[in-house]
Amino acid sequence: MIRQLTSSERQFAAAILLLAAGVGLAMAATGRHDPLGVHGVIVLLFSGTLLYPVLTGFYEPEPKEDREASYYDDPIKVGIVLTMAWAVFGMFMGVWVAAQLAWPDLAFDAAWSTFGRLRPTHTSGVIFGFGGNALIATSFHVVQRTSRARLAGQFSPWFVLFGFNLFCVLAVSGYLLGVTQSKEYAEAEWYADIWLVIVWVTYFVLFLRTIARRREPHIYVANWYFMAFIVVVAILHIVNNLAVPVSWGHAKSYTIWPGVQDAMVQWWYGHNAVAFFLTAGFLGMLYYYLPVRAQRPIFSYRLSILSFWGITFFYMWAGSHHLHYTALPHWVQTLGMTFSVMLLVPSWASAGNALLTLNGAWHRVRDDATLRFMMAAAVFYGLSTFEGSFMAIRPVNALSHYTDWTVGHVHAGALGWVALITFGSLYTLVPTLWNRERMYSARLVEVHFWLAIAGTLIYVFAMWNSGIIQGLMWRTYTEDGALAYSFVDSLVAMYPYYIARAFGGFLFLIGAVVCCYNIWMTVRSVPLAKRRERDVPAAVAVPGE
Amino acid sequence: MFEISHETLVAFAKSWGLFYLMGFFLCVVAYAFWPSNRKRFDRAKTSILDREDKPWK
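The listed protein sequences correspond, in order, to chains A and B.
FYI, the numbering for the first sequence is -5 to 539, going by our numbering.
FYI, the numbering for the second sequence is 3 to 59, going by our numbering.
These aren't lab readings, by the way, just hints derived from the structure by calculation.
Possibly wrong hints are sitting among the right ones.
What the hints assert, rightly or not - If you only want the chain B side, here are some residues facing chain A, beta carbon under 10 Å, derived:
#1 Ala15
#2 Gly19
#3 Arg40
#4 Lys41
#5 Lys47
#6 Ile50
#7 Glu54
As the list claims (entries may be wrong) - To be clear about the criterion: a stretch of chain A counts as covered by chain B if any three or more of its residues have a C-beta under 8 Å from a C-beta of chain B, and this derived list gives those stretches:
#8 62 to 70
#9 137 to 150
#10 285 to 291
#11 319 to 330
To be verified - In the DMTMM-like style, the derived pairs of lysine to aspartate or glutamate whose C-alpha atoms are separated by at most 25 Å in a straight line are:
#12 Lys41(B) with Glu54(B)
#13 Lys71(A) with Glu59(A)
#14 Lys16(B) with Glu5(B)
#15 Lys56(B) with Asp67(A)
#16 Lys177(A) with Asp28(A)
#17 Lys56(B) with Asp68(A)
#18 Lys71(A) with Asp55(B)
#19 Lys41(B) with Glu210(A)
#20 Lys71(A) with Glu440(A)
#21 Lys56(B) with Glu210(A)
#22 Lys56(B) with Glu62(A)
#23 Lys246(A) with Asp256(A)
#24 Lys58(A) with Asp55(B)
#25 Lys56(B) with Glu59(A)
#26 Lys56(B) with Glu431(A)
#27 Lys56(B) with Glu56(A)
#28 Lys71(A) with Glu54(B)
#29 Lys71(A) with Glu3(A)
#30 Lys246(A) with Glu181(A)
#31 Lys246(A) with Glu178(A)
#32 Lys58(A) with Glu3(A)
#33 Lys56(B) with Glu3(A)
#34 Lys16(B) with Asp256(A)
#35 Lys58(A) with Glu54(B)
#36 Lys71(A) with Asp52(B)
#37 Lys56(B) with Asp44(B)
#38 Lys41(B) with Asp55(B)
#39 Lys56(B) with Asp60(A)
#40 Lys71(A) with Glu54(A)
These numbers were taken from a predicted model, which means no experiment stands behind them.
Note that the Cβ used here is the ideal one computed from N, Cα and C, for glycine as well.
Make a model of the complete structure from these sequences and hints.
Below is the structure:
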């Protein structure tokens, strides 16, 4: 890692890390017994740990070869390792909180392990830890290959990667300490939010500068999706997290948005986090790794452009469907509902484009579990976007909102679409990146595929059942107009589904562990691919259009 | 100070908001189907399958 840096870059890295350690020390000093103080210590330890390899490698010989003649893959490799580590952590926390709903004793009577504190460690762990690292790693890979240019920075890719992970660590450790802004998917407090802005702007500049180096006349569509992801997440994050801390020495802050505006801003953020974090970036993966793995160009490039702009401009308006039947003006609710329904068009355009790319190569989908991961991801993407549009319709929402149906919908998207496309992409990426002939075991990819599919289906079906039962029980009235069931009655009815959900999640977690083992063994023991094999031109590309 | 009332905002969103989206849609369709763009799109979609694994420089 350090060998690739020149001596001035090493000095710069050390200076940044010392600065970060200084900030950590200052946070610890001003925060004292507040959680801010604990986070100061974490920042200090994090920077100190990274400083160690920088200082031990400080006087190593400088790189002699022309670095511009090869791609910068080291940060991607570390990114993949971090992706899988967060996957196992985040999914384990998910299984734990799911099990707590069925067996509340699993909270073990401690404050840090209550459901309310553990749940955000699951959501942040999988969305930001697993999804975010996967997006950073694959975007670094895709932008270099499609631009045929090396990343436009030697130190900044590391800064982005480790800086983002520091944010994740601060977020997750904060929840356990009881720190939260009480905003869904934006629970981390003000100092972590400011840090993320710095990291994210660096990411954006790095991405733009790399694209500016390209020799290709056209920017490949996958990069558009990655750019939309980076730009919009920055905007959402800044606007939703505008807050005033109670003092410089406290973790607690108060948002500047009042009442219903706060709700609107939060769900404008929340839904676009789904749109641009969990959709746009992963569509970037889909538009690169699916054609590459199938060795067929995307079915229609024009359609991918149309659906890009459709998704970008429709999603922005859909957030208010989270606030049906609230104090939000009725027309704003209707606006959100209408745009959510319209979103089905560009969403299905992308899903259809992916599936039509595979049309004519179904035998490969049958034989190659990696390609099947991506095919299943496209199918789940199509299904969950249909479900989402449907649930955004106000009368449907009257039944589904606040029930487990919503949770089932989120997981159809998160497990079925986001995680499956990520695993498919990783199985494509890992052998190329480490220059291996293939994955260590095709059979284990197959095992992972079926564990993931079984886990997702069990999870989603359990939540559909429990959600609709809940919704119906809550709106059943007796003859004299009183509610027929108490809340506890509906809770008791959920018991078998909560067990099934925990089991489905457990299967999915086992799949992720199998994936870790397979990646590890690929790097450790699979022979290197022969140079010549990598240089042969693509097998005859079949035009899909 | 000039106040934007709820009604003004609704009227603006329902008229200009709609025109803006329609105009945007037409621009995107024109870009996607512009005949001279065909060549770059075709090149873009097939060039990612090229296995050469080195930057141009």
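Practice task
Check each numbered hint from earlier against the structure, then list the numbers of those it violates in ascending order.
Solution key: none
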